[in-house]
Each structure stands twice: as structure tokens, then as C-alpha cells.
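Those protein sequences? They're chains A and B, same order as listed. Numbering follows our numbering, with no gaps: position 243 of the first sequence is 243. Numbering follows our numbering, with no gaps: position 381 of the second sequence is 381.
Hints are computed from structural coordinates only; laboratory data are not their basis.
Below 30 Å or equal to it, Euclidean Cα-Cα: the simulated BS3-like pairs (lysine-lysine) are:
{"hint": "1", "chain 1": "B", "residue 1": "K243", "chain 2": "A", "residue 2": "K165"}
{"hint": "2", "chain 1": "A", "residue 1": "K49", "chain 2": "B", "residue 2": "K134"}
{"hint": "3", "chain 1": "B", "residue 1": "K439", "chain 2": "A", "residue 2": "K64"}
{"hint": "4", "chain 1": "A", "residue 1": "K165", "chain 2": "B", "residue 2": "K248"}
{"hint": "5", "chain 1": "B", "residue 1": "K272", "chain 2": "B", "residue 2": "K393"}
{"hint": "6", "chain 1": "A", "residue 1": "K165", "chain 2": "B", "residue 2": "K439"}
{"hint": "7", "chain 1": "B", "residue 1": "K340", "chain 2": "B", "residue 2": "K82"}
{"hint": "8", "chain 1": "B", "residue 1": "K243", "chain 2": "B", "residue 2": "K439"}
{"hint": "9", "chain 1": "A", "residue 1": "K77", "chain 2": "B", "residue 2": "K253"}
{"hint": "10", "chain 1": "B", "residue 1": "K325", "chain 2": "B", "residue 2": "K439"}
{"hint": "11", "chain 1": "A", "residue 1": "K238", "chain 2": "B", "residue 2": "K80"}
{"hint": "12", "chain 1": "A", "residue 1": "K211", "chain 2": "A", "residue 2": "K115"}
{"hint": "13", "chain 1": "B", "residue 1": "K451", "chain 2": "A", "residue 2": "K44"}
{"hint": "14", "chain 1": "B", "residue 1": "K168", "chain 2": "B", "residue 2": "K253"}
{"hint": "15", "chain 1": "B", "residue 1": "K229", "chain 2": "A", "residue 2": "K64"}
{"hint": "16", "chain 1": "B", "residue 1": "K248", "chain 2": "B", "residue 2": "K229"}
{"hint": "17", "chain 1": "B", "residue 1": "K272", "chain 2": "B", "residue 2": "K243"}
{"hint": "18", "chain 1": "B", "residue 1": "K451", "chain 2": "A", "residue 2": "K77"}
{"hint": "19", "chain 1": "B", "residue 1": "K191", "chain 2": "B", "residue 2": "K297"}
{"hint": "20", "chain 1": "A", "residue 1": "K77", "chain 2": "A", "residue 2": "K165"}
{"hint": "21", "chain 1": "A", "residue 1": "K77", "chain 2": "B", "residue 2": "K237"}
{"hint": "22", "chain 1": "B", "residue 1": "K451", "chain 2": "A", "residue 2": "K238"}
{"hint": "23", "chain 1": "B", "residue 1": "K80", "chain 2": "A", "residue 2": "K44"}
{"hint": "24", "chain 1": "B", "residue 1": "K272", "chain 2": "A", "residue 2": "K165"}
{"hint": "25", "chain 1": "B", "residue 1": "K451", "chain 2": "A", "residue 2": "K64"}
{"hint": "26", "chain 1": "A", "residue 1": "K238", "chain 2": "B", "residue 2": "K82"}
{"hint": "27", "chain 1": "A", "residue 1": "K44", "chain 2": "A", "residue 2": "K71"}
{"hint": "28", "chain 1": "B", "residue 1": "K168", "chain 2": "B", "residue 2": "K325"}
{"hint": "29", "chain 1": "B", "residue 1": "K451", "chain 2": "A", "residue 2": "K71"}
{"hint": "30", "chain 1": "B", "residue 1": "K297", "chain 2": "B", "residue 2": "K387"}
{"hint": "31", "chain 1": "B", "residue 1": "K185", "chain 2": "A", "residue 2": "K165"}
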Amino acid sequence: MKKPKSGSLLRMKRAEVLSGYLFITPIIILLGLFVFYGLFYVFKLSFYKWDGFMPETMVFRGLKNYSILIKDPLSLKAIVNVVIFMLSTVTVQMFLGLCIALLLRPKLLGHSFFKAIVYIPVTLSTVVIARTFMGLYEPYFGIINVFLRNMGLDSLTRVWLGDPKTALWCIIIANIFQWTGAQMVFYIAGLTTISEDVFEAAQIDGAGFWKTLKSIVWPGLWSTHTTVIVLGIVGAIKTFDIVWLLTQGGPGNSTQFPATMLYQAVAQNSQAGYGAAISVFMIVISVLLSALQISFNKKKQEA
Amino acid sequence: MKSVLKALTFLTLLIASASLFASGNEEKKEMANKTEKVVLTWWTWSLPTVEDFVVIKKGFEEKYPNIELQSSVNQMDDYKTKLQAEFSSGAGPDILCVQPGPLLNKYNPFLLDLSEPAKDTLNKLVPAVVADAKFRSGGDKIAMAPLGSASTMFVYYNATYFEQAGIKEVPTDLESMISVINRLKTAFPDKLPLTIGLKDSWFNGDVFSLFANMVESGITEKADQGLVKWNSPQFVKAMTILKELVDKGVIEKDALGVSVYEDSIGMWADGKAVMHINGGWAVGMLSNPSNVNAEGKPYADRRGDRATDSDIFGAFPVPNFAGGKPVVLGGIDVGISVNKNVAKDPAKLDAAKKLLDYMLVGEGRTYQTGRPGSGLIPSLQGASLNKSIYQDKASADGVDAIVNATNNNMAGPRGTSDPAVFTQLGIVVQNVVAGNDIKSELDALQLISEK
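Based on the sequences and whatever the hints tell you, model everything.
Listed below in C-alpha cells is the structure:
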């Protein structure tokens, strides 16, 4: 007969098993109530037509909300926007965050000050960030256009937030400004896991900045990359505040994101069922992309 | 001696116990008063304002000491969220401000029919406005007591700059508007002749409706009822006129990056722009900052310490660019509704009736639609805007133009019954100004209305 593994439930006394379950009961109840019930309810709602108000007015409509979502050209626009946003913000924030973390690693004079400076935007409300960037982007008297005009570069002035070609990039820049400090902190923490001896050995072997980055820092920080990328992906998919504050999804839907579509559907257009379908779509995409990234990084680490 | 002492002690005890009894009685009375006090909760978005509520509460509670008024002023989006959460749970405020259209329609089943309980008050209002309140409530009941009307859109202009540029008349059609803009460009090369906040979807829906109603009065209401398609020739013509304004430089593409309140109105008040487009509710801006309220604060948003402090402001309706008389959109802007639950408590219902009367025809009206700077045109028969703070001819004429247009040139209501359609109207405007194909934009709008 096969012997049960150490720590297996079969080897535990009944009382121990029971007390274990009792310990996790409160959190299971809380999670069930506030997370899983909510998820289930959103999933159920996505099959109904409802104005989000009186439950008795809910009408079952099967997969129609999903069919509308798939056929809506706005969905494709939102997906394309979120992909561009995700790739741009995650890549640039990772690169800048890592570079700043590396530059601040030697603990030179004033490194704490610079760390604080880079981190300040993370602590600011998105409203403050948005208002600041609105002041920069304002077409008539905004700092960017005024600067360009003063430099005689009138042809380069734009309606930054009012031009479908530039509005998304303006949002991306504001987001990068706000969150690079957070990535820097992740990388500073990650760098402390690489022993100083390894850096010294690399230095003795004549490795320069780029060689050290490529052969030591980059592979040594896989778990940090995973965290940063997963947070970036999930953050990008649910991005709402900065987009809403800067453009409200405009001009002419050019900066629609899944979350702004969701807000418009539920809060503005009273389409709670359709909004639920958008939510389910966002959850599925977030889980899939995160799982993909985690498994990719796991393989990379094992290799 | 012993008996005197006994008597004195007895008397002292009697007085002490009597006074104790009396104070106890007073406490009981006070307690009873407190418990008898009817509490009315009143929720709204920006109207009445927090400042308005201070005087309204003071005046109302002085007049009715047994009623306590508790107010909550919110941003519109927060207000909608709060109402949704409260009414879904079967609660909700006792009194709430509503706007005809989606907000009223959504909460209509929870609102008390005011036809009977507020009959005496409603009889003192302009009959046409009461009829409109009934129509907007669905025709079978009156779900809101009309606090005041408003209309849009108007051109607010700096009359001082007009005079400096040698402009004697306000524009009334496309040609005169182009001429005025050209003169302003020559006279003030560093200023914007006209700003319009096309970044805001709430504003752009009105822009669409205004242009459509210039082509055919009442057309958006017909389309909203499904009697006309949103891609009909009238709408194509309306958007072609809008495009023409962009092509001729009356409206700049840059306006797509401008918000009404964050940017446009500020540029105008700072003297960076000569004209600014907004609704009639911004009429307080016509008042000079030297007109201040009891706290020394200038009326409305013209806060003072700006480059235009000594300038004179005026207003006129947006010209009808399709030809003919200018048209405006609007109707009842703010109505006061009563939660159906209030009827279950006779004391509360009585308090609610008193509040409605106080706000619509009583002293409360002078704190709201009758106060200096108010943008709401009162519903009370014979009442008008308070003109005491508009001493200059241009600003007084501006007030008259707004009141006259609201009373006589109303083409239709603001908004549509389906909020998704209204959102899309704004998107069509943005896309047309950006240069997209008009026909395909209107086809997309029609598709959304059929969803």
C-alpha cells in the first residue's frame, strides 16, 4: 500500500483538518460574498438586457450582448487602443524604471532625493496629473503649443487632445509619467536580490554597463519583469481615469478603451447587461494575458 | 421654631422639586419637539448650489421651525450613481431635483404624482410650463414641479472688444458672423475671435440638435420618436452647415481640444477670446464683478481679478446659419420631485408640499430663480430674471435676449430619450468637425438608435 505523503490530509487528525477549514472559513465567506458572488452576478447579467435599475425589468437575451460586442466596430477600436497603450506604456515604463533603478543603485549623493522626485507622480491623484497635462496640451495657450510657436515651429502645433492622431499618444505619455516611478521601485527591490559580488565579478571580468545589463541584470530580474508586466497588462486593460479625464474617449471615439466603453454603457447609456458583457470580456482577456505571461516567464526562468 | 424650620424645609423641598419638575418638563418638551421635527432630505446636483442651500435652509426652517432641511449637493455623475444605489435599495431622498429626459424617465416610477398634493402651488405657475412638466412626466401625472427653465445656445461676447474693433451690431447670420470674426482677427491678432468647447460630449449633443433644428424646427424630437431617421436629408444639411463653419474658420478644429468650463469660458473671461458659446444658464457672467453678494463674492463665475474686470459683456442667440430666426433648445431645466415613499407619512408629505410652495412661489424662489445671477428662468406667473446686477446696456440686452429666446424661440427639448443616441450625437459633431464623412457618421448614428 502506498504511504500517504507527509502533510497529506490522510495523515492529519480529523480535528486538525477541521480546525484548518475553520481558519479559512472567514476569508472564504468574505471572498465569496464580495468577489466570487460579484463575478458570478456580472457573468449572469451579461445574458440579460437591463437598464441597471429595477431587477424586475431584466430580460434574458442569451448571447446577444456578446454578439453586439463582437460586431461593434468600437470594440475593435478599443482593443487596438488598449494593445497600443499596453505595449507602449509597459515597454517604456519597464525600460525607464530599470534604467533609473540602475542609475540610482550606486547610492551616490542625492540618490534618495532623485528617487523621491521620480516617485512623486505615483503618489499624486490622477486628476492632478490629468489637469497638469491638460495645461500642457491645451491648443491655444497650452505650454507645448506656446513653446512651439515661440520657436517658430507653428507647423508642429497640434490640437493634442482633439486630434484623433495624437490624442492616444498624449494619454500614453501622461500614463508613463505617472507610473514610471512605481516600476522604478519594483526594479530597485529586484536589484537587491542580485548579490553585489556578482556585479563586482562582472566588473573584474571587464563587463561594461550594457554587458552587465544584458547578461546579469536582465536575466536576474525575471520575477520582477513578470510582476511589472502582469501589473502593466491588467492596469492597461482596466485603464479608465486618465483616459476619461483627458479625452472622455474622444475625439469621436478615437481613444475609447474597454473601461470607457463600460462606463458609457452602464453610467451614461443605462445598458447594464451590455456593460456586464464588456466586463466579462475584460476579465477573460486579463486572465488569459496574465496566465500567458506568467507561464512564459516560468519557462524562461527554468531555462 | 421647630415648626417654622419644618415649614421652611418643606417649602424649600417643594420649590426644589417644582423647579426640577419644571426643567424636566421643559426637557421633555424639547425632546418632544425634537422627535416631532420632520426631517426632509433634499438631493441635487449643482442646483441649488451649496451656497444657495445655506439661505434656503435658514429661511425655510425659520418659517417652519418643525421642519429640518438636510441637503446634499453632488457632481452630476455622482448624483446619478447615488440615486441609482438608493432607489435600487427602496430608499432615496425625500426631495430630489431632476431634469426632464433620461433622469426623470429613469426615476419616474419612484416619484409622487404632484397634480393633487401640490395643486395650489402649480396653479400659480405659468400654465404652459406646468403642461410641459406633465408632458415630460409621461402625460398621466406631474412627476416634477418646474423650478425653472433654461435654453441653449448663446454667444457671450465682450462688448468692450466689439466696440474697440468698431463692431456696432451683433451678428445675425453666417455672413455677418464671418465679417465680425474677420474684424476681430484684424483688431486683436493675439485673441481668439470665438471659442466653443467641442471636447465635451454633453455639449456636443446640444450642438448637433441646435444645427438640426436650424434646418427644421422640432426635427430632433421627431427623430427621437422614430418618426424621422437620423440619417435623413435634414440632418445631412445640418452637418453640412457645421462643416461649412469649420471650412470658413468660424469654428476652428482646435475647438475639439477645448472644454466648455475648464477652457472656453476661462479664455473668454481672461480676455484671451472675444466670444464664447454656452447655455443661457451662464447669464450671470454678464454681470460686472463689481456686483457682489452679501459675502462680497461676485455673482456667477466672473470671479474678478481678471483682465476683463472692467469690460462689458453681452449675449445673443447663436445665429440661425440655415437662415431665418435663431432657435434655441431647452425647456424646464430643473424640476423638484418628491419621493413616493413620502406619501406614507402625512407629516412628511405636508412638509414636502410646504417646501415646494416655498421654492416655487414663496420666499425660497427669491433665493433661487429670483436671486441675482440666476440662470434659471422662473416658472412663477409674471416673474422674470433679477436684472439688478446687469446695469450696462449690452448685458441688460443680453438678459432680455436669453429670456425672449427661451420664451418665444424654443425649437425643442435638449437631449434625447435614449442616452446612447445623445452620446452619439456628440461623437458625430466631433467627427464632422475633424473632417469625417457626414453620411457615414449619420448612418452610424441611425444604427445606434436602432440597437
